[in-house]
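Q: Using the sequences and the accompanying hints, generate a full structural model.
Anchor point for the sequence shown: position 64 equals 63 in numbering that gives the first Met the number 0, and the numbering is continuous, going up by one each time.
The set of hints was computed from the structure by calculation and includes no laboratory data.
In this text, all values refer to a predicted model and were calculated from it rather than measured experimentally.
Please note: incorrect hints may appear among the correct ones.
List time: in silico DSS-like cross-link candidates among lysine-lysine, alpha-carbon distance up to 27 Å [as the list claims (entries may be wrong)]:
| hint | residue 1 | residue 2 |
| --- | --- | --- |
| 1 | K164 | K38 |
| 2 | K164 | K194 |
| 3 | K134 | K38 |
What follows is a set of in silico ranges between Cβ atoms, one per label pair, in the way DEER data are often shown [claimed, not checked]:
| hint | residue 1 | residue 2 | range |
| --- | --- | --- | --- |
| 4 | I165 | V96 | 25 to 33 Å |
| 5 | W118 | R58 | 30 to 38 Å |
| 6 | T76 | A50 | 30 to 38 Å |
Every residue gets a Cβ at the ideal spot worked out from N, C-alpha and C, and that includes glycine.
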Amino acid sequence: MTALRPDLAAIAAAVPHGARVLDVGCGDGALLAALRAEKGVDGRGIELSGANVAAAVARGLSVVQGDADTDLGDYPTAAFDVAILSDTLQAMRAPDVVLTELVRIARTAVVAFPNFGHWSVRFSMLFSGQAPRTKLFPYEWYESPNIHYLTVHDFETLVTRQGFKIERRYFLAGSRRVTLFPNLMAEVAVFLVGK
Numbered sequence: 000m001t002a003l004r005p006d007l008a009a010i011a012a013a014v015p016h017g018a019r020v021l022d023v024g025c026g027d028g029a030l031l032a033a034l035r036a037e038k039g040v041d042g043r044g045i046e047l048s049g050a051n052v053a054a055a056v057a058r059g060l061s062v063v064q065g066d067a068d069t070d071l072g073d074y075p076t077a078a079f080d081v082a083i084l085s086d087t088l089q090a091m092r093a094p095d096v097v098l099t100e101l102v103r104i105a106r107t108a109v110v111a112f113p114n115f116g117h118w119s120v121r122f123s124m125l126f127s128g129q130a131p132r133t134k135l136f137p138y139e140w141y142e143s144p145n146i147h148y149l150t151v152h153d154f155e156t157l158v159t160r161q162g163f164k165i166e167r168r169y170f171l172a173g174s175r176r177v178t179l180f181p182n183l184m185a186e187v188a189v190f191l192v193g194k
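A: This is the structure:
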């Protein structure tokens, strides 16, 4: 697979060849472009940033400008095999509604997010007494795009409450796969969720 960030590579590995894919919050389209080139997917994207939409379209991708918090309801039920939400859930106003919409419009939702339960975040708060600033979360609290600070356990609880099923989990610390104590040791979590 084209050189992708480790979390995007984990997502790409979970996408079947030839799948119909919707990448929600697709950024500049790097993941969609890699999936199209190497897995032959029929890919679409939705992205809030106009500059990122322009960059994705310049790659020859089918990407529209839209807001996942409000626009996912416009997509038909079961229109896609896979819906991807990467590094975006924590910035959604209503993550529970977005998750429900992802599972409605695709057989499988692949959701990746930074784990705010990682030990470095915990220590940062413990010792500084302030909102965490780590290499994973470099923003000041007032400029952060993150409005929900979720952990691996929080997401698993949400999936259970929504009545969905976790099909697979991947936990990463940098490019290394984490197998023990993921809520403490994983920097990024990738979940495959279905009905």
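Q: None of the hints should be skipped; say for each whether it holds.
A: Structure-based check of each hint:
1. Restraint check for K164 and K38: satisfied, since their Cα atoms lie roughly 25 Å apart, inside the 27 Å limit.
2. Between K164 and K194 the CA atoms are separated by roughly 6 Å; this keeps the pair inside 27 Å, and the hint holds.
3. Distance restraint check for K134 and K38: the Cα-Cα separation of roughly 32 Å exceeds the 27 Å cut-off, and the hinted pair is therefore not satisfied.
4. Checked against the hint of 25 to 33 Å, the C-beta distance between I165 and V96 comes to roughly 19 Å, which is inconsistent with it.
5. About 37 Å separates the C-beta atoms of W118 and R58, a value consistent with the hinted range of 30 to 38 Å.
6. The supplied range of 30 to 38 Å is met by T76 and A50, whose beta-carbon atoms lie about 31 Å from each other.
Violated hints for the displayed structure, listed by number in ascending order: 3, 4.
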